[in-house]
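There are 2 protein chains.
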Amino acid sequence: MDILEVIKTRRSIRKYKKDSPKDLDIEKILEAARWAPSGLNNQPWRFMVIKDKETKDRLAQFTKYGYIIKSAPVIIVVCLDKESSYHYQKDLMAVGACIQNMLLEAHSLDLGTCWLGEILNKKEDVEKFLNLKENLELTAVISLGYPDEKALEVKRKSLKELKIN
Amino acid sequence: MDILEVIKTRRSIRKYKKDSPKDLDIEKILEAARWAPSGLNNQPWRFMVIKDKETKDRLAQFTKYGYIIKSAPVIIVVCLDKESSYHYQKDLMAVGACIQNMLLEAHSLDLGTCWLGEILNKKEDVEKFLNLKENLELTAVISLGYPDEKALEVKRKSLKELKIN
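Protein sequence lines, in the order shown, are assigned to chains W and X.
For the first sequence, this note's numbering begins at 940 and goes up steadily by one.
For the second sequence, this note's numbering begins at 940 and goes up steadily by one.
Derived from the structure by calculation, the hints contain no laboratory data.
In this text, a Cβ means the ideal position worked out from N, Cα and C, and glycines have one as well.
Some clues are possibly wrong.
Far from chain X, some chain W residues (derived; all Cβ distances over 12 Å) [stated by the list, open to error]: (1) 959; (2) 1012; (3) 1079.
A few chain X residues facing chain W, derived, Cβ under 8 Å [claimed, not checked]: (4) 941; (5) 971; (6) 1034; (7) 1065.
Take these sequences, add in the hints, and give me the full structure.
Here is the structure:
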């Protein structure tokens, strides 16, 4: 099956319905994450799933996009395990591949996500708040839930602009 | 459509048939790349498609996995455009998401890929060999073609090992 349509129709979703995604769907999304490729198959990604309202509300305070975290019934915190890491750049790309698997799997299940990066400006504070062990580095926060908005139209550069001659 | 099966059955392919993938399929793979998410939608990825045998053979010399580059009819060089970059870590993750889109789209078209990272050990030499402009940083090389081997079984850590308590 050609999955280009799933890839092209995925959008950031910033407003969510109140009902939580099914546990089975959350498991599928983490399963998708688990199967991402990584250099030397080192699988440097680690996940924390947050559903608790109070924790979400407090986490929201660390980013100007906190309203997205508050709106989403589920938050997936993605960390890089520095103990598994063997090449920082490659490991970050692997984490990116892993996140993309989650976004695509969620979209294919009619769930919405938003990849929140701005929160990294408060990385150390968030790591402390979440009580993350020394070996874990915060890399992204993903919001997840049933979309309650029409996704914005977005543009991309043309292939011509992206190709190196 | 639930794309978990595409995600879970994708494997690194290291040996390819001689026939080149159709141009339309290569375009689809780059189209998938183009639609990856990035922070501030900065789309920091750039691509060079190499089909020329001599160029491939010379590129192959920069990595101990050169036999994969030689075997593949098509090579996609992925670079980070430092001029588009706004946050190195986030941009690398975006490039990882973009690469994963390519691997998944290729697999969904029954094409095989291998994400070659070891070549980054010779980053500067490869950048010079490919005559890349100052603003482009080599981030990965992807081999592409029709699989001519049964993919190896690979393992992943269990979800339990990946979850942060």
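Interface hint status, residue 1065 of chain X versus chain W (Cβ within 8 Å): Violated, because the Cβ-Cβ distance from residue 1065 of chain X to chain W comes to roughly 13 Å (cut-off 8 Å).
Nearest-CB test (12 Å) between chain X and residue 1079 of chain W: violated (7 Å)
Satisfaction of the residue 971 of chain X interface hint, Cβ to chain W closer than 8 Å: holds (5 Å)
Residue 941 of chain X as an interface hint toward chain W, with CB separation required under 8 Å: holds (5 Å)
Residue 1034 of chain X as chain W interface residue, shortest Cβ-Cβ below 8 Å: With a closest approach of 6 Å, the residue 1034 of chain X hint holds.
Given as non-interface: residue 1012 of chain W, which should sit over 12 Å from chain X by C-beta: holds (18 Å)
Claimed clearance of chain X by residue 959 of chain W, with the beta carbon kept past 12 Å: About 18 Å separates residue 959 of chain W from the closest Cβ of chain X, which puts it past 12 Å; holds.
Violated hints, in rising order: 3 and 7; the structure is consistent with all others.
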